[in-house]
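Here the protein sequences line up with chains A and B, keeping their order. Each residue of the first sequence is one higher than the one before, starting from 1 at the first, in my numbering. Each residue of the second sequence is one higher than the one before, starting from 1 at the first, in my numbering.
I should point out that these hints are in silico values taken from the structure, not numbers from a laboratory. This structure is a prediction, so every number in the text was calculated from the model and none was measured. Any given hint might turn out to be false.
Copies of the same chain look alike in the list, so a pair counts if it works inside one copy or between any two.
[As the list claims (entries may be wrong)] Below, computed lysine to aspartate or glutamate pairings styled on EDC-like, alpha-carbon distance capped at 20 Å:
| no. | residue 1 | residue 2 |
| --- | --- | --- |
| 1 | LYS376 | GLU261 |
| 2 | LYS317 | GLU150 |
| 3 | LYS552 | GLU126 |
| 4 | LYS376 | GLU274 |
| 5 | LYS552 | GLU367 |
| 6 | LYS157 | GLU269 |
| 7 | LYS10 | GLU513 |
| 8 | LYS157 | ASP231 |
| 9 | LYS376 | GLU61 |
| 10 | LYS95 | ASP235 |
| 11 | LYS449 | GLU144 |
| 12 | LYS21 | ASP4 |
| 13 | LYS520 | ASP286 |
| 14 | LYS10 | ASP254 |
| 15 | LYS21 | GLU367 |
| 16 | LYS449 | ASP465 |
2 protein chains.
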Amino acid sequence: METDTMRGLKRTHSCGSLSRKEVGLRVVVMGWVDSRRDHGGLVFVDLRDRSGVVQVVFSPEDRKSFTKAQTLRSEYVLAVAGTVRRRPAGTENPKLSTGEIEIQAEEARILNRARTPVFYIEDGVEVDENLRLRYRYLDLRRPEMQRTLEFRHRAAKAVRDFLDSRGFWEIETPFLTRSTPEGARDYLVPSRLNPGKFYALPQSPQLFKQLLMVSGCERYFQIVRCFRDEDLRADRQPEFTQIDLEMSFVDSGDVMALVEEMVAALYRETTGVELEIPFPRITYADAMDRFGTDKPDLRYGMELHDVTDVAAGCGFKVFQTVAGGGGRVKGISVPGGAVFSRKELDDLTRFAGQYGARGLAYLLYTEEGIRSPIAKFFTAGELEALVRRLEAVPGDLLLFVADRPAVVAAALSALRRHLAERLGLIDRSRNEFVWVREFPLLEYDEDEKRFVAVHHPFTAPVEEDIALLTVEPARVRARAYDLVLNGVEIGGGSIRIHRRDVQELVFSAIGLEPGEVKEKFGFLLEAFEYGTPPHGGFAVGFDRLVMLAAGKQTIRDVMAFPKTQSGTDLMTGAPDAVAPAQLRELGIIVASKPKGAAGDG
Amino acid sequence: METDTMRGLKRTHSCGSLSRKEVGLRVVVMGWVDSRRDHGGLVFVDLRDRSGVVQVVFSPEDRKSFTKAQTLRSEYVLAVAGTVRRRPAGTENPKLSTGEIEIQAEEARILNRARTPVFYIEDGVEVDENLRLRYRYLDLRRPEMQRTLEFRHRAAKAVRDFLDSRGFWEIETPFLTRSTPEGARDYLVPSRLNPGKFYALPQSPQLFKQLLMVSGCERYFQIVRCFRDEDLRADRQPEFTQIDLEMSFVDSGDVMALVEEMVAALYRETTGVELEIPFPRITYADAMDRFGTDKPDLRYGMELHDVTDVAAGCGFKVFQTVAGGGGRVKGISVPGGAVFSRKELDDLTRFAGQYGARGLAYLLYTEEGIRSPIAKFFTAGELEALVRRLEAVPGDLLLFVADRPAVVAAALSALRRHLAERLGLIDRSRNEFVWVREFPLLEYDEDEKRFVAVHHPFTAPVEEDIALLTVEPARVRARAYDLVLNGVEIGGGSIRIHRRDVQELVFSAIGLEPGEVKEKFGFLLEAFEYGTPPHGGFAVGFDRLVMLAAGKQTIRDVMAFPKTQSGTDLMTGAPDAVAPAQLRELGIIVASKPKGAAGDG
């Protein structure tokens, strides 16, 4: 079926830009047919482009255009030349920015036809996500998705403008890099020119940005794709985007202040919201103590309170045993929870059990006093102490977990989140940023039977803890800082090691053999000997930050072409089997019979 | 060996920023020791950072700093607190921006020590390129390389600012994509979650940007890494950067005008040069006719002239035979070449032979007349016709090649370039941009025995040539346009096919089987049916454009971490053998025994 061409026709305006100012002007608009209505002997077409919608009117006097207009269907691509005029009185549409005017069509060209879309091209449609991903080009045509793409563009632009204004240079680092241990699983790329050898796609440009500091660049940044071949649980993607930056001659405070201003610039340029900076800062130890997690959500209260001392002396056996055996007893006070039913409380106990808690003790604090099956094990003074410690008021529910510190933290932190959601305690309009600092440098990995880096092995230890590296590695604090927004970690950074001797101590503390160190990190240690300045940096998960700033629920909604949980692109069919000749050239053989592979026989 | 820490010290100024304005101010600077001189009982240190160099003076009154200063060596990392003062009269250094002042040191801290660099950290050093790549962090520390990194940052920023101001959205497309036929060789990435299947790294985001046009984004761009697994001849890199853009509802002229303004913005912001736009435009046919190449260098003359008609009637057998047998006789006039010696002329003949020319005829046009061994075969009128046709003046050398058109073009175009270099005819201050248009859509590939796309199979044919696709494919013109700068192709683009039927005709013309089309491009053809607007775009080789704008000789000098011809990174050692467990997880086996592979046994 033939279509018209654009030849000789130049678009003069975008649909959404037209208003009373253009009345009387001859314009050319191009876009998609949003809808067509035949009414009163006229044809009305809502024409949509990226900027919005405008009404076009076809009247039978112009027989040729009118006839064409009668064939128009949704999503046809249309060019219209016509004159802007005021809509007849009473037919204005105040909901539309172009609602006061319409275009009287003088010429129409059908630039392309369209099949009926597999789902409606409009906001808020409930469509199976797999169908949305399969027809991503239709999904992205919805105004909501268009606005998100623009939002993301604006966010990246704001970051680049800000960092440029602060003397940062965007420097591109390689994607075909070397596989190194001590990270997540790498994506590998076989090298045809070096048979048997592989490149790795970068998990982050960490070593390159440090080498740029060695080279004297002083202020580097990059908005850059990173890759991790992890099992894709929850909201993970095999490739993701990072705002990556590094600075020389700075301490943690300098980097944090810079990042705060950068995030504030992003919010200002995209949402218009002026964030309050500096963000609050707490230590890892405080975060664990008060919230049971290193990613605390500060939009609501219900902080954790330690009552181990009270528990130790009380008559409740479970508390006594735990408190006496080196465990912890902590509690939270749930606003309005005193009305919970027995069933609701049982559900909470089961919920806490998923996080390892063997039980959940509760006190219902009503105007009439405290009700609880365990109340009888406490003296009035002890009950009062518990209430006071948890800062409870009448109407609250007091929940306690007694267990190993890790279990107490996990269970109460999960309960806190769960109850805040359920009781509607979360003010969704708030953006609660918080810095978490002084993480432990290392943690013991029970599977690997060795210490591993909590962040990565290039993180600098706190100066006065360096001596502990060989004697008490678990106590060494890192010069690291994570940025958390509304309970979600959106970035992390640290001051890096810049001395060869310290780097060697850390490699040794995590059990790397000298041979492996030389083989994998020899170039880095060597670089440290040629005048490496003190330096530190940060990386922001850009997808996640944009998701939160734009108020979206998943990072897939802020990526143009995301993949499914199994890492497939439902639109193009990637990954796929490749021609045997391609594998022969690379000198590799597929070991296992691929499932459903085509063209690989 | 212990070093000092920065603790308590905040950098207040960059070295190069200090001038008479700061005299009397107490400052803190941090950087690298560029040199140390002990003179007149004082120690002078030139301290260097990204911004420049400043002189620091240590006097023995401050014993502690003085003693420390005496141990300083080149490339030590130093922090200095001190007071800015005017240099004593007569000791100013007018070559230095900070040459009027110096810093009287009051405190010095050695932040890190440095081994003697493997080469001098200064501009213009002659160092083996492999050594530069192995110690890239030292190479990048040279001021010249620092300026280039900044230049590249400015170039990218200028492009982003310009495109943003024109309503383009930067949208990120996937790196883990699908391998498609009809391009260069893909880099493949095995998928662990989909055993036996592979992702391909993108050679360009071509299909994704077209799908973004289907989605109604209208104006997309991206400064994006692309990958081609080619044998790395000359100035190629396995990964390179592209300014990639696409627009809806445009014709070729719109895209070319936009690109011209973008390139002009880049030059303005980086070099201060105001380019003259629009750039000249010639057709592919004209370029081949006048320059023998589709990448003409317009900085000098010596255009090719056709003399086949004169040759056909002359008495010189070689010319007669070629002209009569469907070949071409063309010539160029070399300014000042009439003084060339017999040996020089023999060398030119050998040079032309490398491009397939079986001979090179010449006429030396002197004030006394024409000298040549073949002059006798021409009448005076014929000689005069040749001189006139080639627009020669006395002193010129007239060179002729008679052969098949392709050989004539290749040999004369190479001679033209070669002689322009040798005779110093190239004005290096000029930036001669030219658009080459109306390429053939398809060309016959003798190896594959089929037509292949000259650009790529998504390029739209000229409307009135569509009917030729099935009958005379070689005559179909493409709506394509390349941008050439000083004889180097820096970008290419086209109006794309936006109709399924036309796309199918082109796939069929290049011999793709319907099954393969469905398998590999089915999603694209399907997308074309859902309201695809007319669209077109462009891609600029960013590395090459920056190289030319910055006046560099190789793209390796404008990339932070380039690879060698064999695709290896001499600094990190990528690519390398990987652990057997990594390959087991991916379900692949290395077929050939890797050379020098470690840890793979």
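Hint check:
| no. | hint | in the structure |
| --- | --- | --- |
| 1 | LYS376 - GLU261 | neither (54 Å within a copy, 82 Å between copies) |
| 2 | LYS317 - GLU150 | neither (60 Å within a copy, 68 Å between copies) |
| 3 | LYS552 - GLU126 | within (15 Å within a copy, 55 Å between copies) |
| 4 | LYS376 - GLU274 | neither (52 Å within a copy, 87 Å between copies) |
| 5 | LYS552 - GLU367 | neither (41 Å within a copy, 81 Å between copies) |
| 6 | LYS157 - GLU269 | both (9 Å within a copy, 17 Å between copies) |
| 7 | LYS10 - GLU513 | neither (68 Å within a copy, 38 Å between copies) |
| 8 | LYS157 - ASP231 | neither (32 Å within a copy, 36 Å between copies) |
| 9 | LYS376 - GLU61 | neither (91 Å within a copy, 78 Å between copies) |
| 10 | LYS95 - ASP235 | neither (36 Å within a copy, 57 Å between copies) |
| 11 | LYS449 - GLU144 | neither (49 Å within a copy, 49 Å between copies) |
| 12 | LYS21 - ASP4 | neither (30 Å within a copy, 67 Å between copies) |
| 13 | LYS520 - ASP286 | neither (36 Å within a copy, 55 Å between copies) |
| 14 | LYS10 - ASP254 | between (52 Å within a copy, 10 Å between copies) |
| 15 | LYS21 - GLU367 | neither (65 Å within a copy, 72 Å between copies) |
| 16 | LYS449 - ASP465 | neither (23 Å within a copy, 71 Å between copies) |
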